Amino acid sequence: MSRHRRPFSEKGSPTGIVRSETDAGHAPVRITLIDYDATHFQERQVDHIAECIPFRDSETVTWINVDSLADASLIEELGRCFSIHPLILEDVFNTKQRPKLVDLDSYIYLNLKMLSFIERDTDVKVEHISIIFGSNYLISFQEDVGDTFDTVRESIRKEGKIRKFGPDYLVYALIDTIVDNYFTVMEKFEEKIEDLDEELVIHSSQQSLHRINWLKKQMILLRKSVWPLREVLNSLERSESPLIKEATTIYLRDLYDHTIDVIDSLESFRDMVSGMIDIYLSGLSYRMNEIMKVLTLIATIFIPLTFIVGIYGMNFHVMPELAWEYGYYAVWMILIGVVATMLLYFRSRAWI
Amino acid sequence: MSRHRRPFSEKGSPTGIVRSETDAGHAPVRITLIDYDATHFQERQVDHIAECIPFRDSETVTWINVDSLADASLIEELGRCFSIHPLILEDVFNTKQRPKLVDLDSYIYLNLKMLSFIERDTDVKVEHISIIFGSNYLISFQEDVGDTFDTVRESIRKEGKIRKFGPDYLVYALIDTIVDNYFTVMEKFEEKIEDLDEELVIHSSQQSLHRINWLKKQMILLRKSVWPLREVLNSLERSESPLIKEATTIYLRDLYDHTIDVIDSLESFRDMVSGMIDIYLSGLSYRMNEIMKVLTLIATIFIPLTFIVGIYGMNFHVMPELAWEYGYYAVWMILIGVVATMLLYFRSRAWI
Amino acid sequence: MSRHRRPFSEKGSPTGIVRSETDAGHAPVRITLIDYDATHFQERQVDHIAECIPFRDSETVTWINVDSLADASLIEELGRCFSIHPLILEDVFNTKQRPKLVDLDSYIYLNLKMLSFIERDTDVKVEHISIIFGSNYLISFQEDVGDTFDTVRESIRKEGKIRKFGPDYLVYALIDTIVDNYFTVMEKFEEKIEDLDEELVIHSSQQSLHRINWLKKQMILLRKSVWPLREVLNSLERSESPLIKEATTIYLRDLYDHTIDVIDSLESFRDMVSGMIDIYLSGLSYRMNEIMKVLTLIATIFIPLTFIVGIYGMNFHVMPELAWEYGYYAVWMILIGVVATMLLYFRSRAWI
Amino acid sequence: MSRHRRPFSEKGSPTGIVRSETDAGHAPVRITLIDYDATHFQERQVDHIAECIPFRDSETVTWINVDSLADASLIEELGRCFSIHPLILEDVFNTKQRPKLVDLDSYIYLNLKMLSFIERDTDVKVEHISIIFGSNYLISFQEDVGDTFDTVRESIRKEGKIRKFGPDYLVYALIDTIVDNYFTVMEKFEEKIEDLDEELVIHSSQQSLHRINWLKKQMILLRKSVWPLREVLNSLERSESPLIKEATTIYLRDLYDHTIDVIDSLESFRDMVSGMIDIYLSGLSYRMNEIMKVLTLIATIFIPLTFIVGIYGMNFHVMPELAWEYGYYAVWMILIGVVATMLLYFRSRAWI
Amino acid sequence: MSRHRRPFSEKGSPTGIVRSETDAGHAPVRITLIDYDATHFQERQVDHIAECIPFRDSETVTWINVDSLADASLIEELGRCFSIHPLILEDVFNTKQRPKLVDLDSYIYLNLKMLSFIERDTDVKVEHISIIFGSNYLISFQEDVGDTFDTVRESIRKEGKIRKFGPDYLVYALIDTIVDNYFTVMEKFEEKIEDLDEELVIHSSQQSLHRINWLKKQMILLRKSVWPLREVLNSLERSESPLIKEATTIYLRDLYDHTIDVIDSLESFRDMVSGMIDIYLSGLSYRMNEIMKVLTLIATIFIPLTFIVGIYGMNFHVMPELAWEYGYYAVWMILIGVVATMLLYFRSRAWI
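Quick mapping for you: the protein sequence lines, in order, are chains A, B, C, D and E.
Take the first sequence: its letter number 321 is residue 323 in this note's numbering, and every next letter is one higher.
Take the second sequence: its letter number 324 is residue 326 in this note's numbering, and every next letter is one higher.
Take the third sequence: its letter number 351 is residue 353 in this note's numbering, and every next letter is one higher.
Take the fourth sequence: its letter number 142 is residue 144 in this note's numbering, and every next letter is one higher.
Take the fifth sequence: its letter number 107 is residue 109 in this note's numbering, and every next letter is one higher.
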């Protein structure tokens with residue numbers, strides 16, 4: 003039962019529901035440790051898990067950040083050191099899991115998704131972030147090496163507010179960084195939607211449909227990442243665990259409200275994107291109407307004319323009109339008359 | 003963590019989900035103070051926050067109204083003066099936040115949206131309104147300078163009912179003004195929907211679709227502003243906070259019911275607008291049918307005729323009909339016969 | 003705050019969401035009073051509110067019915083006489099409000115909608131009915147003058163069951179009359195839906211779409227009137243107010259079940275009506291297919307024929323076929339051969 | 003208030019929401035009585051209600067089954083004999099009511115729908131079944147004369163399990179018979195859906211749409227009959243009434259689970275049927291495309307050819323090509339060249 | 003009442019909602035018994051139910067696995083031996099039942115669905131798995147003979163973690179095997195969806211629609227199998243039954259979370275598949291537009307040309323142009339002029 007689940011496709015998945023983990027696996031694990039309280043601060047690179055033990059036993063807040071999940075044995079050792087349940091470690095590795103929270107009394111595990119929208123890339127990148135925190139420590143796991151939490155680190159170094167609080171406020175600070183980032187991603191999507199909206203009005207093409215579809219898929223992907231976070235933050239805020247101090251609750255509530263804001267925008271975007279398909283389809287119908295109008299106009303005017311001139315192309319020996327001196331001119335009169343009638347009819351139908 | 007979030011696009015957003023805050027930022031902050039109880043009334047312009055302190059400590063009701071959020075430092079000073087939590091001040095500035103209520107025991111914070119529908123404008127204008135009230139004071143923040151609350155001010159000056167109650171009734175009066183305004187906006191939308199409905203019946207064009215789409219987006223925007231208010235008012239009414247006196251509850255309940263009325267109409271409008279796309283699309287299909295009928299009629303009648311006259315345009319040396327004296331007239335008979343048959347067929351199909 | 007809200011449009015609204023109140027305003031107010039208990043019965047026309055006071059203080063059940071809301075001052079006087087809260091009186095006048103129930107301990111206020119479907123009219127007429135009842139009185143307000151409650155009056159006169167119960171049973175009897183009427187309206191709609199369903203099968207036209215759309219709007223309107231009643235009746239039945247005797251609960255439960263039946267049918271109608279648009283649209287597509295088939299058949303048969311006869315209409319000096327004695331007859335063979343091939347092809351495609 | 007409601011149309015309703023009651027009304031009422039306990043068994047036809055009284059007072063289980071609701075007075079007499087509340091009797095007659103359960107302490111009333119799907123008939127037949135049971139009796143009312151409960155009767159006669167239990171287990175046995183029958187109806191519908199699904203793939207016609215629509219309506223009808231039963235069974239199982247013995251609870255739970263299975267299948271069928279409309283519509287579009295392709299191919303090939311031969315049909319005195327000896331053959335070369343080019347073009351577009 | 007329900011069609015059902023049971027019925031029943039505790043392990047084939055009795059009474063954990071449901075009498079004997087309620091045995095045989103859990107104090111019954119997706123097969127295969135477990139035994143029933151639980155057996159043989167726990171952990175291990183398998187099925191579906199998505203972009207055909215429809219049906223089928231499992235696992239985790247030890251709860255919670263992950267992906271797939279129909283339909287419309295454009299281009303250019311040359315094919319005796327020396331060349335100029343004009347017009351409309 004201890005093997006790590008690798009649900010769905012191993013390779014990068016074009017549907018965007020599940021994400022590649024090949025790259026993540028190759029970066030070397032980097033472990034950094036920050037130890038602080040209101041007055042004291044220490045930061046170091048960890049090479050051997052054993053280095054963490056004195057910090058675990060001290061009363062100061064210890065934040066261990068693990069970049070990349072490549073070295074499973076190292077992380078398992080860290081887990082043993084902090085008595086983390088094997089199932090929780092499995093969850094750390096299971097990068098496709100939806101955000102969830104598990105309260106194990108002596109520590110709380112939660113995971114969530116870091117989103118990033120790299121312009122040259124096609125899809126939103128989803129990174130699995132796990133956080134385990136107890137009364138005096140917090141361990142964070144990032145799927146990829148990155149500078150996600152640099153602003154938090156900076157704030158700790160500069161004796162920011164975080165220094166005065168325990169790991170529960172640090173949890174808030176970390177999640178806040180991620181949720182802030184969601185707003186940036188939303189902003190990018192809003193631009194995409196506006197661009198597409200304009201494109202649909204001016205000149206939609208087969209490409210537009212694929213763009214709408216791509217947006218729709220991204221919305222499904224974002225939804226999967228953001229919706230469950232709401233539940234996680236709600237459990238965290240309402241938790242009766244002694245690990246969450248009352249003073250932190252208002253911050254968590256604020257975080258929860260921001261997540262609701264993100265979800266609200268997401269739902270609005272979904273509504274808009276689904277409306278786009280109607281616009282695209284009706285654009286197609288409208289242009290079809292335009293094309294058919296042109297065809298009908300031309301065909302309806304010229305087909306009768308062609309018939310009329312055809313009559314006088316017949317070779318009957320007895321055709322009195324042919325011999326008539328003004329016959330040719332009379333036919334021209336008739337032709338002009340037919341065209342005029344047709345045009346009047348089309349105008350009455352508001353086709354021209 | 004204390005910087006103010008500016009989620010989404012900085013500039014005005016055409017999708018209508020998020021709103022420009024550039025204009026709001028430039029108007030100078032104007033602070034007015036009204037102090038009253040059943041017998042006493044005082045109104046003044048505030049230039050320095052310090053002027054508010056004596057009122058804060060008196061037992062009379064003090065209403066401080068802040069127009070424009072341009073001067074953050076002034077508002078932060080006011081916050082310190084009334085011991086407002088920094089997160090709450092952040093919410094005051096976060097003009098894109100959904101309506102919410104935070105009960106902090108000694109005071110309650112809530113925010114909601116003022117809507118205005120200026121005919122010459124294209125989109126509904128959404129203004130962020132924040133209200134903080136304690137046992138003897140109420141601070142309201144308006145994103146833009148405006149005369150929104152003038153009717154309430156007038157009522158206080160004229161020794162209206164408000165004078166006999168505490169800040170909780172003032173909260174009711176302020177929200178009531180805003181909800182009353184929602185009805186006006188709904189009325190405007192109802193007119194727009196009626197106009198569009200008529201347009202669709204008489205002469206829909208590509209423009210109609212864009213109007214439907216615009217209405218749909220506005221509905222999404224209104225929904226985002228009005229729905230959460232329901233929850234806010236419900237929390238306010240059911241609140242067990244001593245700040246809400248029992249006598250005020252019935253007024254808050256009434257306000258809640260009016261909000262439900264607005265939401266009901268909004269949902270009905272949504273249903274109607276979404277039905278309009280079907281009408282528009284079926285209108286397109288119907289006109290396509292009409293166009294195709296005309297083309298088919300003309301082509302089906304004249305193409306066979308052209309073929310017949312084509313036959314006798316052939317130059318074969320041996321073509322007995324050509325030499326026949328009545329050949330030409332016989333062809334005319336055949337042509338008329340074909341047309342008559344076609345017309346009868348079309349009539350049987352109810353096409354003409 | 004005491005002015006009466008007049009949300010939405012003042013004049014009659016074609017969308018059917020909001021209704022005209024102009025007519026209602028002009029009929030003179032008519033107040034009738036019925037006083038009864040198991041043994042005693044009295045009925046009179048009330049000209050001055052003061053006449054009601056002795057009845058208010060007696061222990062017999064007093065039912066005051068107010069027809070038309072035209073004379074606000076009279077109704078306000080009645081309100082003062084029975085100590086009705088001003089907000090409740092506001093609700094009596096607010097004819098666009100959704101059905102709601104307010105329990106004020108000494109009396110209960112509730113409002114609901116009377117529906118009527120006059121054949122020559124286009125839209126369902128919605129009449130606002132308000133009921134206020136205490137331990138020994140019931141006041142009912144009808145927006146329009148009408149004979150809605152005549153059956154109830156008759157039953158009281160004839161010493162019906164109502165005489166043995168208090169005002170709570172009278173409430174039941176009044177609402178029951180209205181809900182019974184809902185079934186009649188539903189029946190009318192069922193007929194309309196059946197007619198339209200048949201019309202769609204036999205010969206749908208652009209008119210059919212407008213009829214479907216009209217039905218859809220009426221459904222939205224009915225939904226707004228009937229759904230909230232469910233909640234009202236549920237609150238009434240589960241109310242722990244001493245005004246509702248236990249013996250009446252089973253009647254209210256029965257009423258609740260009937261309302262659920264109406265809602266069920268309404269939802270079924272909605273489902274049916276929304277399915278109609280698909281049928282209408284596919285009918286359009288189907289007929290388009292038929293039209294195109296005819297065009298394609300004719301064009302595909304005659305265009306090649308016209309080409310063939312065109313060939314022998316050319317005036318080249320050297321065209322051996324023209325001189326051939328059987329050339330003309332050979333061309334006819336070719337023409338017939340082409341037509342036969344085409345027809346076989348079309349038959350193989352099941353087009354003819 | 004005691005008249006029986008006859009909501010909606012009196013005659014058979016083609017929409018299938020409401021059902022004819024004319025036939026039901028004419029069959030003569032037939033009352034059968036079965037009295038049993040573990041050791042004793044008696045079965046008789048009842049002609050006068052008075053015959054039931056001794057059984058009512060005995061401790062053995064008495065099951066009175068009433069076939070047809072034609073004779074209201076007889077049923078009302080039965081009701082009086084067992085002290086049934088008049089409202090409950092009204093519910094027995096109200097054949098259009100949705101399934102519901104009323105617990106009146108000394109007895110429980112519940113009603114549900116018997117469904118039958120007669121192949122030669124068009125619509126599902128819905129029969130209203132009412133069951134009233136107390137501590138030692140059970141009265142069942144069937145709208146129509148039928149052999150619905152024969153298997154239960156047989157089981158009682160043969161000293162089946164039912165004999166050892168009270169009326170609560172008999173209730174289970176009766177409902178179980180009806181729910182079993184739902185599975186048969188579902189099976190029939192599944193066949194219909196499969197047939198239609200195949201028809202849509204092979205050769206859909208305008209008829210297919212009407213069949214889809216008919217299925218959709220039947221689904222709405224079944225939903226109305228089956229969904230509320232879930233609630234009824236849930237109330238029955240969780241009831242704290244002493245009329246339901248604990249040993250019966252597991253059977254009722256099983257019944258509840260079977261109802262959920264029926265509802266699940268119903269929802270799946272709904273999903274499938276709603277998907278069918280998309281298939282039908284896209285089938286229409288696809289065939290339209292095919293038709294248009296043929297038309298376009300023929301027209302695009304022959305219209306230019308006809309033009310070319312038209313050129314050399316002109317009668318200009320000076321047309322050098324006409325006099326050229328190989329002119330005619332050159333034109334044929336051109337014609338063949340044009341056709342070849344066109345065909346290559348169409349092949350490149352994958353049209354042929 | 004004791005006969006086994008065979009709801010819906012007896013034979014294999016193409017809609018995929020209900021599954022064939024014919025094959026299942028023919029395989030001979032195979033019963034294996036594994037008895038273990040932390041130190042002890044025994045595995046044997048059971049030929050007579052009586053062999054199980056000593057194990058039933060011992061304190062070690064006994065796992066009896068029954069492959070195939072063909073021999074009802076054998077299974078009923080086993081049921082009697084372990085005092086299983088007849089209704090529960092009925093559930094074991096009712097292979098179409100949705101996953102459910104029944105807690106009977108001395109043992110718990112639950113069933114769920116094993117899914118398998120065999121590439122050469124068309125539909126997902128659904129196997130009914132039932133599990134009954136008490137304080138010291140677990141009986142599992144598999145509808146088909148298979149090696150589903152081999153990994154669990156292997157783990158027990160190898161003194162895995164399971165050996166240290168009771169039947170509750172064995173339940174976890176068995177369900178975990180099945181849920182793990184769900185991920186494999188999901189992966190297969192993801193591939194199918196990706197393939198189809200690509201197909202729709204590159205070259206959709208009538209086949210694509212049938213593939214979309216097939217996917218949609220499979221989604222309905224999977225939903226029916228997986229959704230109720232969520233509820234089952236939730237009941238199991240929250241159960242207060244002494245049969246579930248507290249140490250197992252965290253494992254069950256984890257299982258629940260994995261099921262939610264499966265459901266999440268399923269819902270995302272549903273969203274994607276339903277979006278595909280829009281893409282398919284708009285693809286049809288788009289190609290129709292392309293076809294019509296070609297037809298319109300050709301017809302609009304050549305029909306007027308044909309008319310012009312038709313004029314000079316007339317045989318009037320008096321037609322001055324014919325005699326003009328440069329007449330023929332002038333006509334060519336006109337023809338080229340018309341084509342140029344048309345092409346310019348089409349270019350201005352962006353059609354070519």
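Hints are not guaranteed to be accurate.
It does not matter which identical chain is meant; a pair holds if it fits inside one copy or across any two.
Calculated pairs, SDA-like style, for lysine to any residue (alpha carbon to alpha carbon, straight line, at most 25 Å) [as the list claims (entries may be wrong)]:
no.	residue 1	residue 2
1	98	200
2	127	262
3	295	337
4	190	101
5	98	344
6	127	186
7	194	96
8	247	329
9	163	205
FYI, nobody ran anything at the bench for these hints, they're computed from the structure.
Just so we're clear, the structure is a prediction, and the values are computed from it rather than from any experiment.
Problem set entry | Hints that the structure is at odds with (numbers, increasing) | Structure breaks hints 5, 8 and 9.
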